[in-house]
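Student: Taking this note's numbering, I'd label the letters of the sequence shown as residues 2 to 322.
Heads up, a few of these hints could be off.
Straight-line C-alpha distance at most 30 Å; calculated DSSO-like pairs for lysine-lysine [unchecked claim]:
#1 Lys135 / Lys214
#2 Lys296 / Lys313
#3 Lys54 / Lys135
#4 Lys135 / Lys80
#5 Lys112 / Lys149
#6 Lys296 / Lys214
#7 Lys149 / Lys135
#8 Lys63 / Lys313
#9 Lys54 / Lys80
#10 Lys63 / Lys74
#11 Lys209 / Lys296
#12 Lys112 / Lys214
Label pairs and their in silico Cβ distance ranges [what the hints assert, rightly or not]:
#13 Val234 / Gly43: 36 to 46 Å
#14 Gly123 / Val234: 27 to 37 Å
#15 Arg208 / Asn125: 43 to 53 Å
#16 Asp250 / Gly43: 51 to 61 Å
#17 His218 / Lys313: 19 to 29 Å
#18 Asn70 / Met120: 37 to 47 Å
#19 Ser53 / Leu127: 33 to 43 Å
#20 Leu82 / Phe243: 15 to 25 Å
I should point out that these hints are in silico values taken from the structure, not numbers from a laboratory. Beta carbons are placed, not taken as given, at the ideal position from N, Cα and C, and that holds for glycine.
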Amino acid sequence: MGVFSPFTLELYLNVTGESPNRFLKRASVIFERLLLFPLGLGDMGGPHELISKERYLSAFTKDCSTDLNNLCKIVILDKDLIDNVESIYEELNTHEDCDLWMGTEGDKYIKFIENYVNMSVGQNDLIENWEAQKRLIGNIDADCKLFKVIQRNFGECSGLFTELHEGALLYTLSERIGNLANVVTTLSNLSTFDFGDLSWADIFNLRKSEFVKEFRHRLAQWALDYAASPDSVSFQRELTTFITEAKFDLIGDTAPKTRETVLSGIGGNIPFPFLVNPIGVYSSIQSIRHAHTLKNKYGWLFFIQRARHASKPNDSSVNDV
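Work the whole structure out from these sequences, hints included.
Tutor: Here it is in structure tokens:
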């Protein structure tokens, strides 16, 4: 499950300049469900509230109602998952062990934000500079703290962080966070695919792929490898080698074994005094096992191939809002 907030989408837009729509597309493939924690928005989704989940998401997607309805099935709100959501908010307000701003290394955190704003906004307009610092200090801290609290209460989940989130964590806590978003960015840099380029229809089709579980499992493993890698350049080099070798391994594993194929073909046609030819049955079982092995070993690669196929302009619409 991927966890995000309105602050996440705002930071994504500010840092990358891309539409949050692309962010949501990538996240919708990587995760089966997305948990939207409406920090700063108050309650959402009730009949008497000004903001609903549908209205909030439509502000970013601007897609047709069918796509929006499908996206709303993927995205769940805090109160959809958590019975006593007030306890989570209380934990967010009281626990400083996962707080960047008010924690023991708060000075380092503020210094990181100050340096970032000075480089991105500049120092000529002091008011604009100060407002940007206040906004980033509060928003990044809220997102990182939210992720820690959710992870502590619900186990396996991932924060849908930007590189700015991760940079703040690294600088403040010297803590390397394996980030699926950065893994996907690295894959995109290798010209493998970019889910953000696909239409929502393509995204929903990919989510139905029989290889999506294998792909997500491989991504999770790569996230752990990324966390252990000394730098992103080393990780990208290792990932390039892994994918290249996997393609050749796939060719070797799927190449027909001529002798076995011929013998199986002959044996399968030998008449036996039984209702079922045991050699033919054994051959079928072996084929099923082989297909299952290939799916487990290379399903992620098949998934990438389908994503690349969907991203070709002649095969599918790739227009983005």
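Student: Hints first: check each against the structure and report whether it holds.
Tutor: Hint-by-hint comparison with the structure:
This hinted pair does not check out: Lys135 and Lys214 have alpha carbons roughly 40 Å apart, beyond 30 Å. Between Lys296 and Lys313 the alpha-carbon distance is near 24 Å, which keeps this suggested pair within the 30 Å criterion. For the suggested pair Lys54 and Lys135, the alpha carbons sit about 27 Å apart, so the restraint of at most 30 Å is met. Between Lys135 and Lys80, the direct Cα distance comes to roughly 28 Å. Compliance with the 30 Å bound is thereby established for this hinted pair.
With a CA separation close to 22 Å, the supplied pair Lys112 and Lys149 stays within the 30 Å bound. Distance check on the hinted pair: Lys296 and Lys214 sit about 10 Å apart at the alpha-carbon level, within 30 Å; holds. A distance of roughly 22 Å separates the Cα atoms of Lys149 and Lys135; the hinted pair therefore holds under the 30 Å criterion. Under the criterion of a C-alpha separation no larger than 30 Å, the hint pairing Lys63 with Lys313 is consistent with the structure, at around 23 Å.
Of the pairs offered as hints, the one joining Lys54 and Lys80 holds, with about 12 Å between alpha carbons and a cut-off of 30 Å not exceeded. At most 30 Å may separate the alpha-carbon atoms for a hinted pair to count; Lys63 and Lys74 meet this at roughly 16 Å. For the given pair, Lys209 sits about 15 Å from Lys296 by alpha-carbon distance, which is consistent with the 30 Å threshold. Of the supplied pair hints, the one linking Lys112 and Lys214 is violated, its CA atoms being roughly 41 Å apart against a limit of 30 Å.
For Val234 and Gly43, the Cβ-Cβ distance of about 43 Å falls inside the hinted range of 36 to 46 Å, so the restraint holds. Judged by the Cβ atoms, the range 27 to 37 Å given for Gly123 and Val234 holds: they are separated by roughly 29 Å. A beta carbon spacing of about 46 Å between Arg208 and Asn125 agrees with the range 43 to 53 Å that was offered as a hint. With their beta carbons about 52 Å apart, Asp250 and Gly43 fall inside the hinted range of 51 to 61 Å.
Distance hint check for His218 and Lys313: the Cβ-Cβ separation is about 26 Å, which falls inside the suggested range of 19 to 29 Å. Here the CB-CB span from Asn70 to Met120 is close to 41 Å, well matched to the stated 37 to 47 Å. For the pair Ser53 and Leu127, the supplied restraint of 33 to 43 Å holds, since their beta-carbon distance comes to about 39 Å. Distance hint for Leu82 and Phe243: a CB-CB separation of about 35 Å, inconsistent with the stated range 15 to 25 Å.
Hint violations for this structure: numbers 1, 12 and 20, all remaining hints satisfied.
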